[in-house]
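Can you build the whole structure from these sequences, using the hints too?
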Amino acid sequence: GAVVSQHPSRVICKSGTSVKIECRSLDFQATTMFWYRQFPKQSLMLMATSNEGSKATYEQGVEKDKFLINHASLTLSTLTVTSAHPEDSSFYICSARRRSPNTEAFFGQGTRLTVV
Amino acid sequence: GQQVMQIPQYQHVQEGEDFTTYCNSSTTLSNIQWYKQRPGGHPVFLIQLVKSGEVKKQKRLTFQFGEAKKNSSLHITATQTTDVGTYFCAETTGNQFYFGTGTSLTVIP
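Chains as they are written, first to last, in the working numbering: chain A, 1 to 116; chain B, 1001 to 1109.
These are calculated hints, taken from the structure and not from any lab test.
Ideal Cβ placement from N, Cα and C applies to all residues, glycine included.
Any given hint could turn out to be false.
[Unchecked claim] Not the full set, but computed from the structure, chain B residues with beta-carbon under 7 Å of chain A:
no.	residue
1	Phe1045
2	Ser1073
3	Phe1097
4	Tyr1098
5	Thr1101
[As the list claims (entries may be wrong)] Calculated lysine to any residue pairs in the SDA-like style (CA-CA distance at most 25 Å, straight line):
no.	chain 1	residue 1	chain 2	residue 2
6	B	Lys1036	B	Ile1007
7	B	Lys1069	A	Glu104
8	B	Lys1070	A	Thr103
9	A	Lys41	B	Gln1080
10	A	Lys41	B	Thr1082
[Said to hold, decoys possible] Over the 12 Å line for every Cβ pair with chain B, so calculated as not near, a few chain A residues:
no.	residue
11	Ser15
12	Leu26
13	Gln29
14	Leu76
Here it is in structure tokens:
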């Protein structure tokens, strides 16, 4: 299957700072990337859908000014958590799909964010 | 928003027993996908169902898509310890990609 690389896998940051998470599709062009947040023992909650070259579509309740998403190329999307607070601590995971709709999604390894 | 519910939320089975998780949607789905997430890992694609009433098998796993395309199930025959993980169905309609609430499976040796 296709490979999606997410970096970093773990990050600890101080409250008030910003953290950038990268999601790369290594061997295919991803026209759509998804960003999820997952709490322990819970499902993946879709935060936003990112299409290459256009603004991300955020889910209800997700602050777009706090979670900045950029999908500048067909192989890279970034999520920046701005002015992080302890309640932002979570597991963030991205996924990517190929050009064709309704195809499977390939997931990155996830990023464990801890805000202290 | 997310409208796909899964039951049960948790399931503990003895190794060798069967396991089933159900996925229900309030709306008609164009297709449904199933993923498995091992503890500490990321979701991995298992299968996609598209047709009404479709049944697909992968070794000990059987996937079904309801006639009305509003529900789906995953059945594992004779569970093994390697089946441990959380199983998610995912609703994919157009550009939307929502995960069900998931069923966490524990297999007791």
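What are the numbers of the hints that this structure violates, sorted from low to high?
Failing hint: just 2.
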